[in-house]
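Student: Here is what each chain is made of, one letter per residue.
Number of protein chains: 2
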Amino acid sequence: MHDTDYDVLAIGDAVVDVIAPTDDALLAEEGLRKGSMRVLDRDGAERLYERMGPAQEMSGGSAANSMAGIAALGGRAAFVGQIGSDQLGTIFAHDIRAQGVAFDTPALDGDVTTGRCLILVTPDAQRTMNTYRGASEHLSVDAIDPAQVAKAAILYLEAYLWDHDAPRVAMKKAADMAHDASRPVAFTLSDIACIGRHRPDFVELVGSGRIDILFGNEDEARALARHDDLDDAIAALAGHVDLCVITRGADGAIAVGRGERVAVPAVPPRALVDTTGAGDLFAAGFLAGHAWGRPLEASLALGAAAAAEVIADYGARPLGQLRHLAAD
Amino acid sequence: MHDTDYDVLAIGDAVVDVIAPTDDALLAEEGLRKGSMRVLDRDGAERLYERMGPAQEMSGGSAANSMAGIAALGGRAAFVGQIGSDQLGTIFAHDIRAQGVAFDTPALDGDVTTGRCLILVTPDAQRTMNTYRGASEHLSVDAIDPAQVAKAAILYLEAYLWDHDAPRVAMKKAADMAHDASRPVAFTLSDIACIGRHRPDFVELVGSGRIDILFGNEDEARALARHDDLDDAIAALAGHVDLCVITRGADGAIAVGRGERVAVPAVPPRALVDTTGAGDLFAAGFLAGHAWGRPLEASLALGAAAAAEVIADYGARPLGQLRHLAAD
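From first to last, the protein sequence lines are chains L and Y.
Under my numbering, read the first sequence as residues 1 to 328, first letter to last.
Under my numbering, read the second sequence as residues 1001 to 1328, first letter to last.
What the hints contain is simulated information worked out from the structure, not anything from laboratory work.
Predicted model, so just to flag it, every value in this text is computed and none were measured.
All C-beta atoms in this analysis are idealised placements derived from N, C-alpha and C, irrespective of residue type, glycine included.
Possibly wrong hints are sitting among the right ones.
Said to hold, decoys possible - Per label pair, the in silico range of CB-to-CB distance:
1) L:D41 / Y:E1204: 24 to 32 Å
2) Y:P1123 / L:L272: 38 to 46 Å
3) L:R270 / Y:E1050: 26 to 34 Å
What the hints assert, rightly or not - From chain Y, some residues computed to sit far from chain L (all C-beta separations above 10 Å):
4) A1020
5) M1052
6) Q1087
7) I1096
8) D1104
9) R1183
10) G1209
11) D1242
12) R1317
13) G1320
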């Protein structure tokens, strides 16, 4: 008997990725730093789309990708995010539900379109992301059901949505709902530029005890803690949270907390095509393992295995089931 | 100096493919014959979509894929097809133009949506297609510009659009326009089920001299000619057209005409992921080579090379340039 309906409930961007192989020249012409994420308005997104090559569309959104990953691993996941009343919204809702993730947020009425992320993938498999959030900016606290939050073993929030008032308020309220139900709250720092825009807020958030599990990569950990040395940065952050989980790209991942410090190496991928979703699927694997009560090292290893799988194909979600990775 | 603006102008379905890996069980439950194409109405498409797993979207349409292939090979291609005024139409128009294909058909006003093709890809890389044509059914003769037809070295038509009055009339008129300008007309039989529905019409079309180059696979050639023996079938068809070009899957392809009979073997693909688009890209390679004045064997070989490329990835269009295949 579970006392939960879900291993993880996530709140995040509901966007469809528009993925095009590209060359380095377009990044240079657009003044884009490879591997970064920037936010565009609608006109900016349309202008860049005109310059992009033929693309493929796949549902995305960082936390949504993580929930799709948990479902693919055989876990129980739910997602809250705001789509518009349009074809891209239909695609987003179809894909996440078809993956087995509970998704019940009603589409927004009116002309605001579903968000999209224009992803330029260079031949070195690096992705550079350009997000037009659209309806996601309008995610409201009304979309959060306290009973659903209480029935998830972990609540997972993404920093990407911090730019907008409504979803930021919704996420903070959701964190309170989770703690009222004695559920831990996990938070991903998402992107170095997010920290640039919101560091004081994130410092307050982490310092306030609202976050129990903190996800980030090396650069994000250093930027949030303002320590150049990674170990110093992790030590500083780990003082405020139960668990600090740091990804290090090809160098693997580290978890620090509860008196433990565990590291795992990266898993060599069967191919290196598109790094989009590597962090999201790492979080999926770690969160699933952690929710299932596995030791830290096993949870990290599951994260590394799931990340290796998603970078071997285009797109930020697995193309099939990943249950074989989760076998004990 | 070219006396043409385009190597090939094609008229066909304007649809976005919705591609999902699937297992054989879903085909069995839906009563679908593997490798077939069926036409669905809107309700049927929505019902099947609900049953499909998470999908990716990529622009499709048989003749449109062929034009994208010609552009990827470095050729000059144009396409005429009917999209709706919606996000899928925007995606279709973006992708074909971004590939370098001229596409100027205005979007249809009103509520008719852009067509889509739900493609179930089984682990053996076979694709089973379920098409809701939407706006494509409404392609009208007004969309055909006689001056553009006259400026293309070859006009290419697809049998898929034969089910509907407006596009069928448009294609026949376009064939007359091409012959008025002394341009050859190529026609693909598209699918065995199309022949089932329209054999008398196709026999009349081929017998009338409106078709100069006929494309089909082995089964389609046998069904149209009503000969069980492939050589008999090809001989019967070749009596009515300048060139009869027949694909044979893993056995390669044959061209018969102008006193010649040439065969090439299939090109082994670097991977076998999704056979969607194999015939379309074969036609692209052959048509490009033929328009460039290459010998029959070289044109067949270019078709085989392009087909091998597209079946190594999901989707019916090449993910990058194919100019290296076209090098002399």
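Student: Now, for every hint given, state plainly whether the structure supports it.
Tutor: These are the hints, each one checked on the structure:
For D41 (chain L) and E1204 (chain Y), the hinted distance range of 24 to 32 Å is not satisfied, since their beta carbons lie about 55 Å from each other. Restraint check, P1123 (chain Y) to L272 (chain L): a C-beta distance of roughly 23 Å breaks the suggested window 38 to 46 Å. Distance hint check: the CB atoms of R270 (chain L) and E1050 (chain Y) are about 32 Å apart, consistent with the given range 26 to 34 Å. At roughly 8 Å from the closest C-beta of chain L, the C-beta of A1020 (chain Y) falls inside 10 Å, breaking its exclusion from the interface.
With 10 Å as the threshold on Cβ separation, the claim that M1052 (chain Y) sits away from chain L is violated: the shortest Cβ distance comes to roughly 6 Å. Look at Q1087 (chain Y): its CB is around 4 Å from the nearest CB on chain L, not clear of 10 Å, so calling it non-interface is violated. Some Cβ of chain L comes within 10 Å of the Cβ of I1096 (chain Y); the nearest lies about 8 Å off, and the non-interface call is violated. Residue-level check passed: D1104 (chain Y) sits 16 Å from the nearest beta carbon of chain L, beyond 10 Å.
With a minimum CB-CB distance of about 27 Å to chain L, R1183 (chain Y) clears the 10 Å threshold, and the non-interface call stands. Even its closest Cβ contact with chain L, about 37 Å, leaves G1209 (chain Y) beyond 10 Å, as expected for a residue assigned away from the interface. At roughly 32 Å, the least C-beta separation between D1242 (chain Y) and chain L is larger than 10 Å, which holds for a residue marked as non-interface. Residue placement check: R1317 (chain Y) does not keep its beta carbon more than 10 Å from all beta carbons of chain L (closest about 7 Å).
The non-interface label for G1320 (chain Y) is inconsistent with chain L: the shortest C-beta to C-beta separation is roughly 6 Å, within 10 Å.
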